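Visitor: Taken in order, these protein sequences are the chains called B and C.
Counting along the first sequence from 1, when you hit position 33 you're at 33 in this note's numbering, and nothing is skipped either side.
Counting along the second sequence from 1, when you hit position 92 you're at 207 in this note's numbering, and nothing is skipped either side.
Since the hints were made in silico from the structure, they are not lab data.
All of these numbers come straight from a predicted model, not from anything done at the bench.
Glycine residues also receive a C-beta, built at the ideal position from the N, C-alpha and C atoms.
Hints may contain errors.
DSS-like, lysine-lysine: derived pairs with alpha carbons at most 25 Å apart [what the hints assert, rightly or not]:
1. K192/C <-> K11/B
2. K173/C <-> K221/C
3. K221/C <-> K57/B
4. K192/C <-> K173/C
5. K184/C <-> K221/C
6. K184/C <-> K164/C
From chain B, some residues computed to sit far from chain C (all C-beta separations above 10 Å) [said to hold, decoys possible]:
7. P8
8. D18
9. D24
10. Q41
11. S58
12. Q80
13. S87
14. A88
15. Q104
16. G107
17. T113
18. V114
Covered by chain B, according to a simulated footprint, are these stretches of chain C (three or more residues, beta-carbon under 8 Å) [unchecked claim]:
19. 159-168
20. 217-229
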Amino acid sequence: GAGVSQSPSNKVTEKGKDVELRCDPISGHTALYWYRQSLGQGLEFLIYFQGNSAPDKSGLPSDRFSAERTGGSVSTLTIQRTQQEDSAVYLCASSFRLPPDYEQYFGPGTRLTVT
Amino acid sequence: AQSVAQPEDQVNVAEGNPLTVKCTYSVSGNPYLFWYVQYPNRGLQFLLKYITGDNLVKGSYGFEAEFNKSQTSFHLKKPSALVSDSALYFCAVRMNSGYSTLTFGKGTMLLVSP
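Okay, chain B solo, but in the shape it has when bound (with noise of 0.2 Å):
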């Protein structure tokens, strides 16, 4: 079956640019994640949905990142005013819901360059 998809699959954005990264998860799956992983620094998590839930909003690293949601399934990633730091392979992931042991699906990643 389909897998999670993201799009674009990379993205070059001039310093002080917003950009704007999509997750479609995996059917019937009602969590979804978002991770940023740089070099040499693993995974690094930014924002949890589970369900109709308040978001797990801990992990993101400024105010210029939010994340939504749209009917339970399509994710939209967005960080405004990008910095060079900001550089990263952006992943989605999705899973059933809790309990903790259901295994998270990842997709293939944006590759983020701002320049």
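Put chain C on the given structure of chain B with help from the hints.
Guide: Positioned in the frame of chain B, the structure of chain C alone reads:
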């Protein structure tokens, strides 16, 4: 708080030899533990998980991992490495009760030489 340590940035092994990728964790209470693999320019793929029961967990592509509670470790192993196993491996942990996010280690690059 929960954390994962992968002490080796890189592991080198010759094809056909056994491999071990190390992972230790810290979590309040009992853990759920996961291994993921990332091939170049690809997203993470689930390999295996420990939830409860048998400490030796078998997963995809011939990999297995052993949960050791006293040493708080969950090392990934394979009896005979393949060149195609070369990839970035991530260990992850979360508490097995309540709500918590998944915490990942920084990853270990496995290089298998022919």
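Visitor: All the hints need checking, so say for each whether the structure fits it.
Guide: Verification of the hints:
1. A distance of roughly 36 Å separates the Cα atoms of K192/C and K11/B; the hinted pair therefore is violated under the 25 Å criterion.
2. Restraint check: the Cα-Cα separation between K173/C and K221/C comes to about 23 Å, which is no more than 25 Å; the hinted pair holds.
3. At most 25 Å may separate the alpha-carbon atoms for a hinted pair to count; K221/C and K57/B meet this at roughly 21 Å.
4. Using a Cα cut-off of 25 Å, the hinted pair K192/C and K173/C holds, with the two alpha carbons roughly 10 Å apart.
5. Our distance criterion of 25 Å between C-alpha atoms is met by K184/C and K221/C, whose separation comes to about 21 Å.
6. Only pairs whose Cα atoms come within 25 Å are accepted, and K184/C paired with K164/C is accepted, the gap being roughly 15 Å.
7. For P8/B, the shortest C-beta to C-beta distance to chain C comes to about 14 Å, beyond the 10 Å cut-off, and the non-interface label holds.
8. With a least CB separation of 24 Å from chain C, D18/B remains clear of the 10 Å interface cut-off, as annotated.
9. The claim that D24/B is not at the interface with chain C holds, since no C-beta of that chain comes within 10 Å of its own (minimum 13 Å).
10. Remark: the non-interface label on Q41/B conflicts with the geometry, its nearest Cβ contact in chain C lying 7 Å away (cut-off 10 Å).
11. Non-interface call for S58/B relative to chain C: violated, since the shortest CB-CB distance, roughly 8 Å, does not exceed 10 Å.
12. Every Cβ of chain C is farther than 10 Å from the Cβ of Q80/B; the closest lies at roughly 24 Å, confirming the non-interface assignment.
13. In this structure S87/B is separated from chain C by more than 10 Å, as the shortest Cβ-Cβ distance comes to about 16 Å.
14. At roughly 14 Å, the least C-beta separation between A88/B and chain C is larger than 10 Å, which holds for a residue marked as non-interface.
15. With a cut of 10 Å on Cβ distances, Q104/B falls inside the contact zone with chain C, its closest approach being about 6 Å.
16. Some Cβ of chain C comes within 10 Å of the Cβ of G107/B; the nearest lies about 5 Å off, and the non-interface call is violated.
17. Distance to chain C confirms T113/B as a non-interface residue, since its nearest Cβ pair spans about 14 Å, more than 10 Å.
18. Even its closest Cβ contact with chain C, about 19 Å, leaves V114/B beyond 10 Å, as expected for a residue assigned away from the interface.
19. Against chain B, the region 159-168 of chain C contributes 5 residues with a C-beta closer than 8 Å to a partner C-beta. That satisfies the three-residue criterion, and the hint holds.
20. Only residues whose C-beta sits within less than 8 Å of a C-beta in chain B count toward coverage, and the region 217-229 of chain C has 6 of them, enough to reach three; the restraint holds.
In summary, the structure is inconsistent with hints 1, 10, 11, 15 and 16 from the numbered list given earlier, while agreeing with the others.
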